[in-house]
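Participant: Sequence:
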Amino acid sequence: AVRGQGAWLAGADGVERTMSCAAPLPAREMCGNASWRYLPQPMRDAVARNLPRLMGSWDFRCAAHEYLMLGDGKCDFLLFNRTLPWDHLAGWLIHREAGGYCAHFDGTPYRPTDLDGGLLYAPDRESWLELRALLLDAA
Numbered sequence: 005a006v007r008g009q010g011a012w013l014a015g016a017d018g019v020e021r022t023m024s025c026a027a028p029l030p031a032r033e034m035c036g037n038a039s040w041r042y043l044p045q046p047m048r049d050a051v052a053r054n055l056p057r058l059m060g061s062w063d064f065r066c067a068a069h070e071y072l073m074l075g076d077g078k079c080d081f082l083l084f085n086r087t088l089p090w091d092h093l094a095g096w097l098i099h100r101e102a103g104g105y106c107a108h109f110d111g112t113p114y115r116p117t118d119l120d121g122g123l124l125y126a127p128d129r130e131s132w133l134e135l136r137a138l139l140l141d142a143a
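Start counting at 1 in the sequence shown, then tack on 4, and there's your number in our numbering.
Calculated from the structure, these hints are not laboratory results.
We put the beta carbon where it would ideally sit given N, CA and C, even for glycine.
Check the hints yourself; a few may be wrong.
[Unchecked claim] Pair by pair, the computed Cβ-Cβ distance ranges are:
| no. | residue 1 | residue 2 | range |
| --- | --- | --- | --- |
| 1 | Asp141 | Pro116 | 37 to 43 Å |
| 2 | Val6 | Asp49 | 26 to 32 Å |
| 3 | Trp90 | Ala16 | 23 to 29 Å |
| 4 | Trp62 | Ala137 | 28 to 34 Å |
| 5 | Arg57 | Asp128 | 37 to 43 Å |
| 6 | Gly15 | Gly111 | 35 to 41 Å |
| 7 | Pro116 | Gly60 | 18 to 24 Å |
| 8 | Ala16 | Leu133 | 33 to 39 Å |
| 9 | Asp49 | Val19 | 43 to 49 Å |
| 10 | Arg115 | Gly18 | 32 to 38 Å |
| 11 | Val19 | Arg41 | 35 to 41 Å |
| 12 | Thr117 | Ala68 | 19 to 25 Å |
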C-alpha cells in the first residue's frame, strides 16, 4: 500500500491485484477478529459478552495476517486494544487504502503516536458506528 495510491497484493504468480475491503453489512452480520484479551476491565467482559451478537469472531493473535484478511475483504472488522505502531501502522495504511474506516474506540482518528485508546476497523464509518455500539457501548 502507498498512501493515496491504493493497496495491492501480489499472488504466487507475481500478478498484482487491487485490495478492497468487504462491503458494509449490518453489524450482526459481520465476521472478524476481536483481540479482546488485552482490553481493560470491565470492557473485556462486555466485549466477550457481546461477541456472540455478531455472525462470527476469532483471534489469530497475528495482526499481520488479520490485516491482510481485512484489506482483502476476507473479514469485516478488527478490534485491538494495544496500538503499538510496529503492530498496526502498516495494517492501518492497507485498510485505509483499501477503502476502510478506522478510529480509536472514542471515535478519534488513529495516529501512530497514540499508544492508547484501542482501534476498531470496519468497512465504512456508518458500519463502524453500529459495530462500536454493539460491542462497546455497554462497556
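Participant: Hint by hint, note whether the structure agrees.
Facilitator: Here is what the structure says about each hint:
1. In this structure, Asp141 and Pro116 break the distance hint of 37 to 43 Å, their C-beta atoms being roughly 27 Å apart.
2. Between Val6 and Asp49 the beta carbon distance is about 40 Å. The supplied range of 26 to 32 Å is therefore violated.
3. With their beta carbons about 27 Å apart, Trp90 and Ala16 fall inside the hinted range of 23 to 29 Å.
4. Take Trp62 and Ala137: their Cβ atoms lie about 21 Å apart, and the range 28 to 34 Å is violated.
5. Separated by about 20 Å at the C-beta atoms, Arg57 and Asp128 break the suggested range of 37 to 43 Å.
6. For the pair Gly15 and Gly111, the beta carbons lie near 36 Å from each other, so the given range of 35 to 41 Å is met.
7. At about 30 Å, the CB distance of Pro116 to Gly60 disagrees with the hint of 18 to 24 Å.
8. Hint check: Ala16 to Leu133, Cβ distance near 38 Å, so the stated range 33 to 39 Å holds.
9. With their beta carbons about 46 Å apart, Asp49 and Val19 fall inside the hinted range of 43 to 49 Å.
10. Roughly 35 Å separates the CB atoms of Arg115 and Gly18, a value that falls within the hinted 32 to 38 Å.
11. Between Val19 and Arg41 the beta carbons are some 37 Å apart, a value that agrees with the proposed interval 35 to 41 Å.
12. Roughly 21 Å separates the CB atoms of Thr117 and Ala68, a value that falls within the hinted 19 to 25 Å.
Consistency note: the structure conflicts with the earlier hints numbered 1, 2, 4, 5 and 7.
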